[in-house]
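Peer 1: Residue-level listing of the chains:
There are 2 protein chains.
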Amino acid sequence: MEDYKPKDLSFIPQIRGIAVVGATAKNKYFILRTFNAAFKGKLYAIRRENKRIEELPDIPVYTRLTDIPADEPVDFVFISVPREKVLEIIKDCVAKGVRLVSIFTAGFADEGTEQGRRYQAELISYLSQNPGIRVLGPNGMGIYFPRLGIRWRTSLPHEYGDCGMVAQSGGLANLMIHGLVNEGVPVSKAFSIGNAIDINVLDALNYLKDDTETNFIITYIEGLPPEAGGKLFKILYECRKPVILIKAGRSDQGAKAAMSHTASMAGTYRAWPYAIHQAGGILVRSFEQLLNLAKFIKFIGARPVNKLCMVSLSGGYGVICADVLGDYGIELPAISGRTRDKLNHFFTLPGTSLNNPMDVALLINDSSSVEQILETLLDDPEIEGIIFENSPNNLALPVRPDVDLVTDFINILKKAKKSSPKPIIVIIEDIGFDEIRQRIKRELQGIGIPVYSDITEAAETIEFVNQYVSAAERIHYKKMY
Amino acid sequence: MEDYKPKDLSFIPQIRGIAVVGATAKNKYFILRTFNAAFKGKLYAIRRENKRIEELPDIPVYTRLTDIPADEPVDFVFISVPREKVLEIIKDCVAKGVRLVSIFTAGFADEGTEQGRRYQAELISYLSQNPGIRVLGPNGMGIYFPRLGIRWRTSLPHEYGDCGMVAQSGGLANLMIHGLVNEGVPVSKAFSIGNAIDINVLDALNYLKDDTETNFIITYIEGLPPEAGGKLFKILYECRKPVILIKAGRSDQGAKAAMSHTASMAGTYRAWPYAIHQAGGILVRSFEQLLNLAKFIKFIGARPVNKLCMVSLSGGYGVICADVLGDYGIELPAISGRTRDKLNHFFTLPGTSLNNPMDVALLINDSSSVEQILETLLDDPEIEGIIFENSPNNLALPVRPDVDLVTDFINILKKAKKSSPKPIIVIIEDIGFDEIRQRIKRELQGIGIPVYSDITEAAETIEFVNQYVSAAERIHYKKMY
Chain A
1 MEDYKPKDLS FIPQIRGIAV VGATAKNKYF ILRTFNAAFK GKLYAIRREN
51 KRIEELPDIP VYTRLTDIPA DEPVDFVFIS VPREKVLEII KDCVAKGVRL
101 VSIFTAGFAD EGTEQGRRYQ AELISYLSQN PGIRVLGPNG MGIYFPRLGI
151 RWRTSLPHEY GDCGMVAQSG GLANLMIHGL VNEGVPVSKA FSIGNAIDIN
201 VLDALNYLKD DTETNFIITY IEGLPPEAGG KLFKILYECR KPVILIKAGR
251 SDQGAKAAMS HTASMAGTYR AWPYAIHQAG GILVRSFEQL LNLAKFIKFI
301 GARPVNKLCM VSLSGGYGVI CADVLGDYGI ELPAISGRTR DKLNHFFTLP
351 GTSLNNPMDV ALLINDSSSV EQILETLLDD PEIEGIIFEN SPNNLALPVR
401 PDVDLVTDFI NILKKAKKSS PKPIIVIIED IGFDEIRQRI KRELQGIGIP
451 VYSDITEAAE TIEFVNQYVS AAERIHYKKM Y
Chain B
1 MEDYKPKDLS FIPQIRGIAV VGATAKNKYF ILRTFNAAFK GKLYAIRREN
51 KRIEELPDIP VYTRLTDIPA DEPVDFVFIS VPREKVLEII KDCVAKGVRL
101 VSIFTAGFAD EGTEQGRRYQ AELISYLSQN PGIRVLGPNG MGIYFPRLGI
151 RWRTSLPHEY GDCGMVAQSG GLANLMIHGL VNEGVPVSKA FSIGNAIDIN
201 VLDALNYLKD DTETNFIITY IEGLPPEAGG KLFKILYECR KPVILIKAGR
251 SDQGAKAAMS HTASMAGTYR AWPYAIHQAG GILVRSFEQL LNLAKFIKFI
301 GARPVNKLCM VSLSGGYGVI CADVLGDYGI ELPAISGRTR DKLNHFFTLP
351 GTSLNNPMDV ALLINDSSSV EQILETLLDD PEIEGIIFEN SPNNLALPVR
401 PDVDLVTDFI NILKKAKKSS PKPIIVIIED IGFDEIRQRI KRELQGIGIP
451 VYSDITEAAE TIEFVNQYVS AAERIHYKKM Y
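Protein sequence lines correspond, in order, to chains A and B.
The opening position of the first sequence corresponds to residue 1 in the working numbering, with each subsequent residue numbered one higher.
The opening position of the second sequence corresponds to residue 1 in the working numbering, with each subsequent residue numbered one higher.
Errors might be hidden in some of the hints.
Note that identical chains are pooled: a pair holds if it fits in a single copy or bridges any two copies.
Distance condition first, Cα-Cα at most 27 Å in a straight line; then the derived DSS-like pairs of lysine-lysine [claimed, not checked]:
no., residue 1, residue 2
1, Lys342, Lys414
2, Lys342, Lys256
3, Lys40, Lys5
4, Lys256, Lys307
5, Lys40, Lys51
6, Lys256, Lys422
These are computed hints drawn from the structure, not numbers from a lab.
Let the sequences and hints guide you as you build the complete structure.
Peer 2: Here it is, written out as structure tokens:
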């Protein structure tokens, strides 16, 4: 553990020039078009034929990297040539003084063949002689850095935020980026490291740990070399930002799959949950858990919530919620006498219930009352936050057609959010009426209220946060996000 | 247990005339309009003022039920009058020979007051003298029977299907009905029983157990009288249809909430999971689990699936899926030599992987290959079914813009479904691109392929089904749905 020296990646925000090696007419210069559409620096194409590409006439073309004038720096090279030619290109990169290379080409150790492994060994051997260049891949998508316009697919969002990401799998990185941005959690930098012959999970994680543009981190790990576990735990231990991890290859059948995917040894999972928790990381098991947790951290922060008031429009669903929250150790304290006195006069309509869970029932038709109720609840020192459940059918099909319940509901929550810094969480079930659900999600998540489609998602998320905070506080009074 | 005599509800499909007592101008004759919009039999309004309602001129009006001509039968009466007047109306119902009454009015035991309990006790006492009339409620929505056009809200769907339902809570019944219909699982009959002074969970469940229009049942239970647990287990034990149950009030805070909601004693939950499983019921914990399971039973049946082939477009997500399926005891067997021989020639593109999980990667651009792959897999006796994961970002933002991946994907699965009776399940993550996701869901669920948004949902659902089938087979070779 003592001898681990993470590789220096701090030059990444200073990437000035990018060259693409291997863009072909066959795939319509896909990756070249991608960089051309967004990269803010200078872009070059390296191709056999020394003439401009008709469809992309503004991009200068060279047959070799070393032909680019010496006073034009190329800091990053994206390589998509057949595997037998990769080493040759890397040599040119070193000659040109390139800082970072991304090898998209697959067919190395990931192929599971002797020949694939030999090609990979050759690359590793060459790099060990040339320690100044950093390499992503092979068999990875490289780096996504939307602020600089560095993307590996045209379809990846331009928006950038403060969530860092490391993933071995490019497909999963795409899925995670789209999923996060869709929830209002844009990404600062994402690394897709593939077979990881140089930059590995630890290096990327270590970089993001100190990156000022990154406030929390998502890590997808298929496997680590046997000795790397301890190093991972050390980085997590030192990291003062929440790190959400998902470990693939937990089971035997998953481990076998990971082996064939990125030639990763999945290692023994048994110790992980405890060790990650002890080190202050947050280990999730599914992609959905990951998204749910990321948006909580983004909107509310890594802030523990133990005592909530559960507000709903259906007594029955309120009971289910009380149960599920109880399963995750979240308490619904009785409404205090003082708060009860302030609220009593609102709860005269049939079906309403001034308890916790609270049933506002038809009161929802009267925004001003619900606003006052929420404000009073948030003002109660016994209540650390509110979960508000409303069903899309109630919103879409109001009993009183003259009331625009959707707009009212959004406004009620906007006012509540303004009135207090305490966490507010909304549940809108995924039962159709999709436009309404999406609108509520968009508008509320836009002001920092996470919206979930099931109480279990919310409860599970809160439990992850609560456990993280207790571990982080124990470790070293970590600065919370 | 021996002396339990379930109440006879078999007359319900023969309801000819309905009267609404208490429709007022104040709520724009809400319930009267609801019945008027869909009920296929004769409808009457009972109101103080003996004249037709201007907005609903076709509905005959009487001041008392007993004023309706003797040769015009009224089988069902919906009561929405102040609580102190309910008993008087019930007396008229008995005089008129009404079979079924639904008391919408709240403010009985649910109110938690002495006076509320007294009103409820009076009703119970009167009914014990008049055992021929059946009563739903008070504080419930009554019955939803879409084939006859009996609904308690105009917004409830007209579609009818084969899923029966019992729920104490009306709000939750609405949520469940909308949720089920949105997933392509329409309802045969739903009972919202509220305080359940006459028809209780057991009666409704017993009725649905024998109802020829119902093939599986969803039951939401807040509480049961102490002696009813054994009776419930007996009905489940005898029932040859899958019964999905959700028990609210599992936790202390949930139990307290249930008490204030429908005055139900939640009882001790500890024994439930084991007892329900032994009796052949399926106990879920959340609303989402309930919907996920209901659509599996509807589309695939209560059919056990232990060995699957997992097909995906992302090796990384495939590994996560392998893990999660492993967590739920679902095996991904190695692809057999024979099948491998048949498929080998397809798997030449980089990124593809002929394993289980299988990565078809860019092969997805070639529908005909993927069709042949799926057909070959479904033909393999070692493989009991397929889970196919595709990400909406892959579908929405294809690398080759000339291919309509969404239509292709739907067609691939339609052909696979036609080629084999084995279960096919699709995962499309909920990460935006909502139109595409909804279209795929609609089209595939329309042909019996359940679509989930996360592998965990699918795995959990399969585990519920597998456990149910093993219990049901042990009990008495139950006829599977």
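Peer 1: Next, verify each hint and record whether it holds.
Peer 2: Tested hints:
Taking the shortest alpha-carbon separations for Lys342 and Lys414, only the intra-copy value of 22 Å comes in at or below 27 Å, while the best inter-copy value is 59 Å. For the identical chains of this complex, Lys342 and Lys256 are inter-copy neighbours only, at 22 Å across copies versus 61 Å inside a copy, given an alpha-carbon limit of 27 Å. Within a single copy, Lys40 and Lys5 get their C-alpha atoms no closer than 32 Å, and across copies no closer than 78 Å, so neither meets the 27 Å cut-off. Only between protomers do Lys256 and Lys307 lie at most 27 Å apart by alpha-carbon distance; the minimum there is 16 Å, versus 43 Å within a single protomer.
With identical chains, the CA atoms of Lys40 and Lys51 are at most 27 Å apart within one copy only, with a shortest distance of 23 Å there and 77 Å across copies. Proximity of Lys256 to Lys422 under the C-alpha cut-off of 27 Å is restricted to the inter-copy arrangement: shortest distance 25 Å between copies versus 45 Å within a copy.
Checked against the numbered hints given earlier, this structure breaks only hint 3.
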